[in-house]
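K.L.:
Residue-level listing of the chains:
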Amino acid sequence: MKQKHWRALQQAYMVLIFSFLYVPIAVMAVFSFNESKSRSVFTGFTLNWYKSLFTNSMILDALALSVAIALISALISTVVGTMAAVGISSMGRKSRLLINNLSYLPIVNPEIITGVSLMLLFVAYRGFAAWANAHMGADLVPQNIFGLPTLLIAHISFSVPYVIFNVSPKLRQLDVRMYEAALDLGCNPTQAFFKVVMPELMPAILSAFLICITYSIDDFIISYFTCGNLQTLPIAIYSMTRKKVSPEINALSTIIFLVILAIILFTNHMDSRKYRRDQQRG
Amino acid sequence: MVQKKSLAAPYLVWMAAFIIAPLIIVVYFALTDSAGNFTLDNLMTIGRYSTVFARSLILAAVATAICLVLAFPVGYFLSRLRTSKQHIMQMLVMLPMWMNFLLRTYAWMSLLEKNGIINRILGLVGLGPFEMINTSGAVVLGMVYNYLPYMILPLYTAMTKIDQSVVEAAQDLGAGMGKILTRVLIPLSVPGIATGITMVFVPAVSTFIISRMLGGGSNLLIGDLIELQFLGNSYNYNLGSAMSLVLMVIVLLCMSFTSSFDEEDMEGVV
Amino acid sequence: MRAMAGGNVPLRRPTAKGDLSKMDNNVIVSLQNIVVDFDGQNILNGLSLDLHDKEFVTFLGPSGCGKTTTLRVIGGFVEPKSGSVFFDGKDITGLPPYKRQVNTVFQKYALFPHLNVFENVAFGLRLKKEDERVIRSKVLEMLEVVGLKGFERRNIATLSGGQQQRVAIARGLVNQPRVLLLDEPLGALDLKLRKEMQLELKRLQREMDITFLYVTHDQEEALTMSDTVVVMKDGLIQQIGSPEDIYNEPQNAFVADFIGESNILDGLMLRDFRVEFAGNEFTCVDKGFARNQPVQVVVRPEDIKVVPAIQGQLTGMVNEVIFKGVHFEMHVEQGGHEWIIHSTQASQPGEVIGMCIGPDEIHIMARTEE
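Protein chains in written order, with our numbering: chain A, 1 to 282; chain B, 1 to 270; chain C, 1 to 370.
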C-alpha cells in the first residue's frame with residue numbers, strides 16, 4: 001500500500017475512534033442548551049438548565065458532600081499511606097511481598113465486591129452494637145453509622161493502596177547516601193527523615209493526594225453500598241438518570257467536562273513549563 | 001534506610017479491619033444460611049442463575065475482544081507519533097475516562113432510544129427505527145464505550161517500548177503487514193495486552209450500571225443480581241455473598257491467567 | 001611516625017619524614033580488632049590501626065579490600081560485629097553518626113537537591129542552632145575557601161561535577177570536624193580536574209589543620225596527597241608508611257605490584273649484601289636474612305640502566321617499545337622473564353641490550369606464600 005494511502009487510512013481510523021469517544025459527550029453538550037426537554041429534537045437555545053442547576057439543592061448538597069469526603073479521605077489516606085510506604089520499605093522481602101500483594105486487593109477487586117463486603121461489615125457491626133447496647137441497657141455504642149463514617153471509611157480503604165504504590169517507587173529510588181549525609185551532619189533519624197527524605201518524596205505524595213481526590217469524587221459503586229441515606233455527587237447523578245427527566249443532567253455533564261478539560265490543560269501547561277525550565281538549567 | 005517498620009502499623013490494622021475482614025465476612029455469609037448454620041445451599045442456588053452468569057461472561061468477553069481489536073491500531077499509531085503529539089493525544093484518550101461514567105452511559109441512552117438521535121438520522125434516509133436500547137448489543141456497546149480507553153493506554157504504553165527499527169528490520173527481511181502484526185507487534189505487546197484485558201474484563205463482568213441503563217430489565221448481569229440481593233427487592237445476603245464469592249473466583253482466574261503473560265517486575269502481583 | 005599494623009605483616013620502622021614534630025602527634029582515631037561481616041562474607045577480620053591527628057591518611061587498595069568499610073566504621077555507618085573504635089581516647093563504638101565529631105564527603109556527593117548551595121553547606125550549622133549571622137559568615141567563608149565564591153544561591157542541579165564536589169567538601173568542613181572522611185570523592189571527575197582537586201584537597205587539609213582520612217584505589221593519587229598510606233587487601237593491612245617508604249620499600253609482593261610498576265623476581269639471598277637472581281649475582285644493601293634464603297626481589301623499571309650489551313650485568317632482547325609521553329616503556333626478554341624498563345631513550349625492538357642495576361635499586365622482600 002502506498003505510503004500516502006496508509007497515512008490517510010491511519011488518520012481516518014483515529015478520527016473514527018476519537019469521534020466514537022467524544023460524540024456522545026458532544027451530543028450531551030449540545031442538548032444542554034436545548035429549549036425543550038427532548039433529547040433528540042433541538043428546538044431552541046437556552047441557558048435555563050444551567051441556571052436551574054445552580055439552584056438545584058440536591059445537586060449542590062451532593063457536590064458539597066463529595067468534595068468534603070474527597071478532601072478528608074485523601075488527607076487521611078495520604079498520611080497513612082506514606083507512613084505505610086516508609087514502614088514497608090524497611091521490611092524484609094517476604095513481608096514486603098505479602099503486604100504488597102494484599103494491598104493490591106482493593107485495586108483489582110471489582111468495585112461491587114468491595115462495596116458489598118464493606119456494607120456487610122457495617123451491617124454486622126450494627127448488629128453487634130445493637131446487641132451490646134441492649135445488653136448494657138443504654139445507647140453507649142454508636143449504632144447508626146451508615147452515612148458519613150461509613151463513606152469515609154470506604155473511601156479511605158480504596159485510596160490508601162494508591163498512595164502506597166505511588167510513594168514506594170520514589171522511596172526505592174532515593175539515594176541512601178543522602179539520608180546518611182544528613183545523619184553525618186548531625187541529624188537524628190527523625191530529623192533526617194523530615195528534612196531530607198520528605199522533600200524528595202513530596203512530588204509523589206502530592207500526586208498521590210490528587211489521585212485520591214479524583215477517585216473519591218468519581219466513585220459511585222462503593223459509595224452506593226455504603227452511603228446510607230446520604231448522596232454523593234455520583235449517587236445524585238444516578239438518581240437523576242433514573243428519573244430521566246431533565247436536561248439538567250446534560251448541563252452538569254458539560255460543566256464537568258469543561259472543568260476536567262481545564263484541569264488537564266492547566267497541569268499540562270505546568271508540566272511543560274517545568275520541563276522547559278529544567279532544560280534551560282542544563 | 002529508615003528503619004521504622006512500626007510506621008506501617010496503622011495501615012496494617014486498617015487493612016485487616018476494612019479490607020480483609022469484610023472479605024472474610026462475605027465468605028462467611030456465602031457459606032451460611034440466615035440462621036447462621038453452615039450450608040452449601042447458597043452456592044447451589046446459583047445454578048438457577050447460570051444464564052445470567054453465562055451472559056455476563058459472554059458479553060464481557062465480547063466487549064473485551066472488541067476493545068482489543070479497536071484499541072490495538074490506536075495504541076500502535078499513537079506510539080509512532082512525535083513525543084510532543086503523543087502527550088496531547090494521551091490526554092485526549094484519558095479525558096473521557098475522567099468523565100463520570102454514569103453520565104457517559106446516560107449519553108448513550110439518549111442516542112440509542114427509539115426516538116433518539118441515531119434513529120432520527122437513520123429515519124432521514126428511510127431506515128429504521130431500530131430497537132437499539134434494552135438489548136444485549138446496547139450493553140456491549142456501553143461496555144466498549146466505557147472501557148476502550150482502559151485498553152488503549154496499556155497497549156500504547158507497551159508499544160512505545162517497541163522501537164521502530166524492529167518493525168523496519170522485519171520489513172527489510174521481507175515481512176508484509178500481516179506477518180509484522182503476528183510475528184512482531186503482537187508478541188512484543190503481550191504485557192500490554194494482558195493488562196488491557198484485565199482492566200476491561202474485570203469491570204465488564206461485574207458491572208450493573210451499564211446493564212441497568214442500557215439493557216432494561218431483561219439483560220441482567222451478575223452485578224445486577226448481587227445488587228438485588230443487597231439493596232434491591234430480593235434481599236438475601238447469603239445468596240448475594242455466594243454470588244460475590246463466585247464473581248471473585250472468576251476475577252481471580254482471569255487475573256492469574258493474564259499475569260502469567262506479564263513480564264513486568266511489579267513487586268507483588270499475584 | 002609510629003603506626004601499628006594488623007594482620008601478619010612484619011613490623012618495619014619506616015624512615016622518618018622531614019617534620020619531626022609530627023612524631024609527637026596524638027592518636028586521634030584508634031581501631032581495635034574490628035570485625036565486620038556483610039551478607040555472609042567477612043569484610044574485616046580483626047583490623048587494628050592507629051591514626052594520627054592532623055595527617056592526610058589514605059586507605060589504598062583494590063575494590064573489595066575493605067577500605068570503604070573501614071571508613072564507614074569510623075563514620076558510624078557500619079557497626080562492627082566486634083571490636084572497638086576510639087576517638088581521642090574515648091570509646092565511640094556504639095555511637096551513631098550524628099553524635100561523632102566526624103564528617104563525611106560521599107563518593108557521589110549526596111548533596112540535598114531541594115536546597116541551594118548555601119543551604120546545603122549551612123545544613124549542619126543550622127542543626128546546631130548557631131546564630132544566623134555566624135552561619136552566614138562561616139558558610140560564605142568556606143565557599144570562598146573551596147573556590148565557590150558567589151555560588152550561594154545556585155541550584156545544585158546546575159553545578160558541574162567538580163563544583164558539586166566542592167560543595168560537598170565545604171558542607172563537611174564548615175562544621176569544623178576533627179576528622180574529615182573522604183570516600184573516593186574524585187572518582188567521577190575527568191583526569192585534569194582530578195589532578196587539580198588532589199592539590200586542592202592537600203592544600204585544604206594543611207589550611208584546616210585537621211585529619212583527612214581518604215579512600216582511593218588510585219595509587220598515584222595516594223602517593224600525591226598523603227602523609228601516610230595504608231595499603232589494604234582482603235580486609236587486611238598490607239603496609240603502612242609514608243608514600244616514599246611504600247614506594248621504595250614495599251614489604252611484600254602485593255604492595256610492590258600495586259604501587260607503581262615493578263619487576264618482581266624470585267631470588268636467593270646468598271649472604272648479607274649479596275643476592276642472586278635472573279641467573280646473576282648482585283650486590284645489594286639488605287642484610288639480616290639467613291644464608292641462601294629464598295627471597296623476592298623488586299626492581300623499579302626506572303631504576304634499570306640501559307647500556308651496551310657487553311657492559312651489562314644482564315643482557316636481554318627488546319620485544320616492544322611503547323612511547324608513554326614522559327618516558328619510553330620497553331619490554332625486554334631476559335632469561336625467561338619479561339622485564340619492564342622505563343627510559344628517556346628508546347631502544348629498537350629486536351635490539352640486544354645490557355641492563356645494569358645498582359645496589360641501591362635492588363629491594364629484597366621475604367618470600368610470602370601467594
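In short, the hints are calculated from the structure, not lab data. From the three backbone atoms N, C-alpha and C, an ideal C-beta is built for every residue, glycine too. The reader is advised that the hints may include incorrect statements.
[As the list claims (entries may be wrong)] Within a straight-line C-alpha distance of at most 27 Å, the following computed BS3-like cross-link-like pairs (lysine-lysine) qualify:
id : chain 1 : residue 1 : chain 2 : residue 2
1  : C       : Lys149    : A       : Lys195
2  : C       : Lys81     : A       : Lys94
3  : A       : Lys170    : A       : Lys243
[Stated by the list, open to error] Covered by chain B, per the in silico footprint, the following chain A stretches (three or more residues, Cβ under 8 Å):
id : region
4  : 5-16
5  : 258-267
K.L.:
Indicate, hint by hint, whether the structure satisfies it.
P.N.:
The hints, checked one at a time:
For the given pair, Lys149/C sits about 26 Å from Lys195/A by alpha-carbon distance, which is consistent with the 27 Å threshold. With a C-alpha separation of about 25 Å, the suggested pair Lys81/C and Lys94/A falls inside the 27 Å cut-off, and the hint holds. Simply put, Lys170/A and Lys243/A have alpha-carbon atoms about 47 Å apart, too far for the 27 Å limit, and the pair is violated. Only residues whose C-beta sits within less than 8 Å of a C-beta in chain B count toward coverage, and the region 5-16 of chain A has 3 of them, enough to reach three; the restraint holds.
Only when three residues or more bring their CB closer than 8 Å to a CB of chain B does the claim for the region 258-267 of chain A stand; here the count is 3, and the claim holds.
The structure fails to meet hint 3 from the earlier list, while all remaining hints are met.
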